[in-house]
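**Q** Residue numbers (my numbering), protein chains in the order written: chain A, 1 to 110; chain B, 1 to 113.
Certain hints may be false.
[Claimed, not checked] Beyond 12 Å from chain B on every Cβ pair, some chain A residues (computed):
1) V4
2) D18
3) T28
4) Q33
5) K59
6) L61
7) T81
8) N93
9) T102
10) V108
[Unchecked claim] Simulated pairs of lysine-lysine, DSS-like, Cα-Cα distance not exceeding 30 Å:
11) A/K51 x A/K36
12) A/K56 x B/K101
13) A/K57 x A/K70
14) B/K13 x A/K56
15) A/K36 x A/K57
16) A/K70 x B/K101
17) B/K13 x A/K51
18) A/K36 x A/K70
19) A/K70 x B/K13
20) A/K36 x A/K56
21) A/K70 x A/K51
22) B/K101 x A/K59
23) A/K59 x A/K70
24) A/K70 x A/K56
25) B/K26 x B/K101
26) B/K13 x A/K59
27) B/K26 x A/K59
28) B/K101 x A/K36
29) B/K26 x A/K51
30) A/K36 x A/K59
31) A/K57 x B/K13
32) B/K26 x B/K13
Just so you know, the hints here were simulated from the structure itself, not pulled from any lab data.
All C-beta atoms in this analysis are idealised placements derived from N, C-alpha and C, irrespective of residue type, glycine included.
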Amino acid sequence: GQQVMQIPQYQHVQEGEDFTTYCNSSTTLSNIQWYKQRPGGHPVFLIQLVKSGEVKKQKRLTFQFGEAKKNSSLHITATQTTDVGTYFCAAPNTGNQFYFGTGTSLTVIP
Amino acid sequence: DAGVTQSPTHLIKTRGQQVTLRCSPKSGHDTVSWYQQALGQGPQFIFQYYEEEERQRGNFPDRFSGHQFPNYSSELNVNALLLGDSALYLCASSYRDSGEKLFFGSGTQLSVL
Numbered sequence: 001g002q003q004v005m006q007i008p009q010y011q012h013v014q015e016g017e018d019f020t021t022y023c024n025s026s027t028t029l030s031n032i033q034w035y036k037q038r039p040g041g042h043p044v045f046l047i048q049l050v051k052s053g054e055v056k057k058q059k060r061l062t063f064q065f066g067e068a069k070k071n072s073s074l075h076i077t078a079t080q081t082t083d084v085g086t087y088f089c090a091a092p093n094t095g096n097q098f099y100f101g102t103g104t105s106l107t108v109i110p
Numbered sequence: 001d002a003g004v005t006q007s008p009t010h011l012i013k014t015r016g017q018q019v020t021l022r023c024s025p026k027s028g029h030d031t032v033s034w035y036q037q038a039l040g041q042g043p044q045f046i047f048q049y050y051e052e053e054e055r056q057r058g059n060f061p062d063r064f065s066g067h068q069f070p071n072y073s074s075e076l077n078v079n080a081l082l083l084g085d086s087a088l089y090l091c092a093s094s095y096r097d098s099g100e101k102l103f104f105g106s107g108t109q110l111s112v113l
């Protein structure tokens, strides 16, 4: 299956600080998706990126797909306690089955 | 509009037993994918069902099997349970195998003692 690596594995930030998580693949991706999983919850779809160099924003969240379509990032500006959770990237294999990254667990300290 | 529903929510089994988990996809969805999520890990792809057939399988042994019914609901069966099978089992539905976003159920927490 598709292998995507995420860094960092854990991130603790003070409320109001920014946060970034990175997703890297050794192969070119057709697209990449991002999900958020709250503690005790299930993954919830955030966004899908398809085009090389694509940048999409959702309020304080900015998603980017690399020019070579091998990496992606999620940046959160001015974190809030509601941002707590684990953020996963997910990439499809040739059969369009999605494989998830290792995730970045975000803790926001009030 | 019902989302993805899974049952049961929690299950406790002993080594060697067999378990069946159930999933009803979101209304309008015809594809069901199963994932295993161990504590602190990302979801691991088990297999996907579309048109009542297994489309692709992740790196899981034959002890893991599944089925999809004509109404698109699905079952995941695990035989000869091992301690390492303890995990959250997530069902995700989507429309066809076209790379559309996945809608996840709340999962079944399986504990093997």
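**Q** If a hint holds in the structure, say so; if it doesn't, say that too.
**A** Quick rundown of the hints versus the structure:
Look at A/V4: its CB is around 9 Å from the nearest CB on chain B, not clear of 12 Å, so calling it non-interface is violated. At roughly 23 Å from the closest C-beta of chain B, the C-beta of A/D18 stays outside 12 Å, upholding its exclusion from the interface. Chain B leaves A/T28 outside its interface by the beta-carbon criterion, the shortest separation being 15 Å against a cut-off of 12 Å. Against the 12 Å criterion, A/Q33 falls within the reach of chain B, whose nearest CB is about 6 Å from its own CB.
For A/K59, the shortest C-beta to C-beta distance to chain B comes to about 18 Å, beyond the 12 Å cut-off, and the non-interface label holds. Non-interface call for A/L61 relative to chain B: holds, since the shortest CB-CB distance, roughly 16 Å, exceeds 12 Å. A cut-off of 12 Å between C-beta atoms confirms that A/T81 is not in contact with chain B; the least separation is 21 Å. Not every beta carbon of chain B lies more than 12 Å from that of A/N93, the smallest distance being close to 8 Å; the non-interface claim is violated.
Not every CB of chain B is more than 12 Å from the CB of A/T102 (nearest about 5 Å), against its label as outside the interface. At the 12 Å boundary, the C-beta of A/V108 stays outside the reach of chain B, the nearest C-beta of that chain being 19 Å off. Restraint check for A/K51 and A/K36: satisfied, since their Cα atoms lie roughly 21 Å apart, inside the 30 Å limit. A distance of roughly 16 Å separates the Cα atoms of A/K56 and B/K101; the hinted pair therefore holds under the 30 Å criterion.
A C-alpha spacing of about 20 Å is found between A/K57 and A/K70, which places the hinted pair at or below 30 Å, so the restraint holds. Between B/K13 and A/K56, the direct Cα distance comes to roughly 44 Å. Violation of the 30 Å bound is thereby established for this hinted pair. A distance of roughly 15 Å separates the Cα atoms of A/K36 and A/K57; the hinted pair therefore holds under the 30 Å criterion. Pair hint A/K70 plus B/K101 holds up; C-alpha atoms about 19 Å apart against a cutoff of 30 Å.
Of the pairs offered as hints, the one joining B/K13 and A/K51 is violated, with about 46 Å between alpha carbons and a cut-off of 30 Å exceeded. For the hint linking A/K36 to A/K70, the alpha-carbon distance of about 21 Å falls within 30 Å, and the restraint holds. The hinted pair formed by A/K70 and B/K13 fails the criterion: a straight-line CA distance of about 41 Å is larger than 30 Å. At roughly 16 Å between alpha-carbon atoms, A/K36 and A/K56 fall within 30 Å of each other, so this suggested pair holds.
Distance check on the hinted pair: A/K70 and A/K51 sit about 11 Å apart at the alpha-carbon level, within 30 Å; holds. The straight-line distance between the Cα atoms of B/K101 and A/K59 is roughly 20 Å, inside the 30 Å bound, and the hint therefore holds. Between A/K59 and A/K70 the CA atoms are separated by roughly 25 Å; this keeps the pair inside 30 Å, and the hint holds. Between A/K70 and A/K56 the alpha-carbon distance is near 17 Å, which keeps this suggested pair within the 30 Å criterion.
As the CA atoms of B/K26 and B/K101 are separated by approximately 12 Å, the hinted pair is consistent with the 30 Å bound. For the proposed pair B/K13 and A/K59, the alpha carbon gap of about 44 Å is over 30 Å, so the pair is violated. Distance hint between B/K26 and A/K59 is fulfilled; the C-alpha atoms sit about 27 Å from each other, no more than 30 Å. Pair hint B/K101 plus A/K36 holds up; C-alpha atoms about 13 Å apart against a cutoff of 30 Å.
Our distance criterion of 30 Å between C-alpha atoms is met by B/K26 and A/K51, whose separation comes to about 28 Å. Proposed proximity of A/K36 and A/K59 is supported: the alpha carbons are some 15 Å apart, at most 30 Å. With a C-alpha separation of about 44 Å, the suggested pair A/K57 and B/K13 falls outside the 30 Å cut-off, and the hint is violated. With a CA separation close to 28 Å, the supplied pair B/K26 and B/K13 stays within the 30 Å bound.
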